[in-house]
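Novice: So you can see what is in the structure, the chains are spelled out below.
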Amino acid sequence: MSSHLVHLDAWHPLPVRGRLLFRLYSALMFGTLGLLLGVPIGFLLAAHMDVLPWLPIALCELAAILFGLWFGGRAHHFHRWRLDDDGLSLCRGRLWQHEIWVPASRVQHLDIQSGPLQRRRKLANLIIHTAGSHANTIILPALDIEHAHYLHSVLAARIGQEQDVD
Amino acid sequence: MTEPVTPSLPDSDTANPAQWQRLYPHSWLFMALQYLKSVIFPLLLLAFAHDNDNGLPWHFVPLIVLLATTAIAIGQYFTYRYRLMADGIEIRSGLLQRNLRQIPYARIHNVTVQQNLLHRLLGVAEARLESASGTEAEARMRVLRLEQALALEHLVRTRHGELPYPAASAKTTAAHALPPPLFAMSAGEIIRHGFVHHQGVVLAAAAVSFVLQLIPDHWLEDGIRSISPALLGQLFAHSPPTGVYALLFVIGSLFTIMTFMLLSVLFSLLRYHGFTLREQGRRLTLETGLFSRMRSSLPKRRIQSWQLREGPLHRLFDRRSLSVATAAGHTQGETQTALMNHLIPLAPPATCDALLRHWLPDCPWPPEHWQPLARHASWRIALPNSLLLLALLPLLYLAEPLLVLLLPAGLLLVVWLARKSAAASGWQLAAGHLLIRQGWWQRQWTLIEVDKLHSLTLKTSPLDRFFGMSTLMLDSIGTPPLRPLQIRYLPMQDARDLRDALARSMAQSRLTG
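Residue numbers (our numbering), protein chains in the order written: chain A, 1 to 166; chain B, 1 to 513.
Hints listed in this document are in silico derivations from the structure and should not be mistaken for laboratory results. Even glycine gets a Cβ: it sits at the ideal position worked out from N, Cα and C. Keep in mind that the hints are not guaranteed to be accurate.
Quick partial rundown of chain A residues pointing at chain B, CB under 7 Å, derived from the structure [claimed, not checked]:
1. 65
2. 82
3. 84
4. 96
5. 97
6. 99
7. 100
8. 101
9. 125
10. 127
11. 130
12. 131
13. 132
14. 134
15. 135
16. 137
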């Protein structure tokens, strides 16, 4: 039903309702990193200066979480995907830009994955497996669930056409 | 390895499935040895353990382990059976947890026949059946009589339609099985390989660590304690002129280097004695090893990419090495696969080029002209190394203030190397093949069929963007994790154009291997 929403050869952004999930996930990641960095810094400062260790830790953690929230939003904003006759493209990142292209003929199999938070927002990840080595799993995160199913069916149909003659 | 004997093929015309067969009667010995091999270090440590304060009889543990593994191995021997059906192999194993595995011949990419010294004394061999699924062999038959193993290898190939079926007589089989070698390594070449690849260092390190594990700790401590004050004191008491120290140092280093070189040559000799590469129909068959013989083969179409390598030591002898990445199992620890991937361990550049042209007849190799990297690629390459050098500056200053004067020379060296490297790198897209060359000190040429690429990634970092460059990453099967297939420092527009050209070509093609 949503096939008319997927335009061939056009770049599609991720649905805005997934941004919060990106922010939360990123905040969790950076929060962990902040804790790993903050604890040693806090105790070092406490040993040399007249401060309690929890103060620098809390500041470090707060900064990391705020940065994570901001960063997750940016990362979400810079995700784009595109379906064309030959395959699927994914563009991500702003500073470190990645533009990945997989031809439909090289897709091995596809997964659709969605966690409870994603399901409540009608979102899903599409995971594309190829037989390659480094980039053998390509994840399109937090797609509209109908887009994900549509892409899944289109790509799966193209796998069927081209059998590996072995 | 001896020549294949007439294989006893099961008659496919009869409807009766072949008989269940057992492995070689003393197979349990090899199974037990295999298990013991993995626990040998802890066992030896236990056996030689000196301080057992808690009074537990640790010395008996190895004996118990020995008995247990033997019992398990004997049990496995009696439960492991296989039979050769018309379209595949069936293997039954397990006592409590019974397992029946069916492997169609069409799925077996490679049959490896391997013999170590003990195998050769008993006239047996280990056969491994490998499929595309990669990480582990579908079946390891440990061990078969050599004739049985070779017959199995032959059987799989006849079912692939690579050899005439059925073999009429022993003579025709032998003639089909052994065409003249495409490439063989002479003794001189193997010695050169030892010098160039200096794997003796690895061997020496392993030997030292093994010895250190075996001798009790306090010996080492006592030894050092007894040496250090007495000997050093004496040395410094007489204080001979510094020239003597320098001489001793030079002699010592030369001696060490000589030892490493000898070890390396020995290592190469063990691995590559009697190295022959043959082409049998659509397969390449490789046989090698001094004591432990290995024979493995792989279909040519399973080869994903080809890589020529040349380091400074290679250049000293005017040689190159050719290796391939394959679709069949790229396990890291398996020596067989690693060996198979080094198709030509060492050969003159002309031989490598001729063989590449033979295997890739469509590919114009070597290309007349290489597409260059971006104009300022050398600065982009030099920048991170220069920054690293500058970061090391305070340390150098702390060690010896005068060393800082070397900085301009160091920076010049970095820039010069970067310029050389940028000039010696490039790419070419010709006749469905992507050719990449990289590096100047360590040179590397990669050839890959565009059809065998799986995805393309265009990557641009902030630094790249500043210089107007992009990296094109190419993904194919079996690329080693530490050496991804990529072209760095391309002009942004070139990278995009190349990506589009590759994409068009990939979209039109189907997977070929």
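Novice: For each hint, tell me whether it holds in the structure or not.
Specialist: Here's how the hints hold up against the structure:
Checking residue 65/A against chain B by beta carbon gives a least distance of about 25 Å; that is not within 7 Å, so the hint is violated. Interface restraint check for residue 82/A: the shortest CB-CB distance to chain B comes to about 12 Å, outside 7 Å, so the restraint is violated. Because the smallest distance between the Cβ of residue 84/A and any Cβ of chain B comes to about 9 Å, over 7 Å, the interface hint for this residue is violated. Hint on residue 96/A holds. Least Cβ distance to chain B is approximately 5 Å, under the 7 Å limit.
Because the beta carbon of residue 97/A sits about 4 Å from the nearest beta carbon in chain B, less than 7 Å, this interface hint is met. Using the Cβ-Cβ criterion of 7 Å, the hint placing residue 99/A at the interface with chain B is satisfied: the shortest such distance is roughly 4 Å. Checking residue 100/A against chain B: minimum C-beta separation of about 5 Å stays under 7 Å; hint holds. Below 7 Å, beta-carbon pairs count as interface contacts, and residue 101/A has one with chain B at about 5 Å; its hint therefore holds.
Checking residue 125/A against chain B by beta carbon gives a least distance of about 18 Å; that is not within 7 Å, so the hint is violated. Interface hint status for residue 127/A: violated, as the beta-carbon distance to the closest one in chain B is roughly 14 Å, over 7 Å. Of the supplied interface hints, the one on residue 130/A holds, with its beta-carbon coming within about 5 Å of a beta-carbon of chain B, less than 7 Å. For the restraint placing residue 131/A at the interface with chain B, the shortest Cβ-Cβ distance is roughly 5 Å, inside the 7 Å limit, so the hint holds.
With a cut of 7 Å, the hint placing residue 132/A at the interface with chain B holds, because the nearest CB-to-CB distance is about 4 Å. Interface hint status for residue 134/A: upheld, as the beta-carbon distance to the closest one in chain B is roughly 5 Å, under 7 Å. Nearest Cβ of chain B to the Cβ of residue 135/A: about 4 Å, under the 7 Å cut. The hint holds. The criterion of a C-beta within 7 Å of any C-beta in chain B is not met by residue 137/A, whose closest approach is roughly 10 Å, and the hint is violated.
The structure does not agree with the numbered hints 1, 2, 3, 9, 10 and 16 stated previously, though it agrees with the rest.
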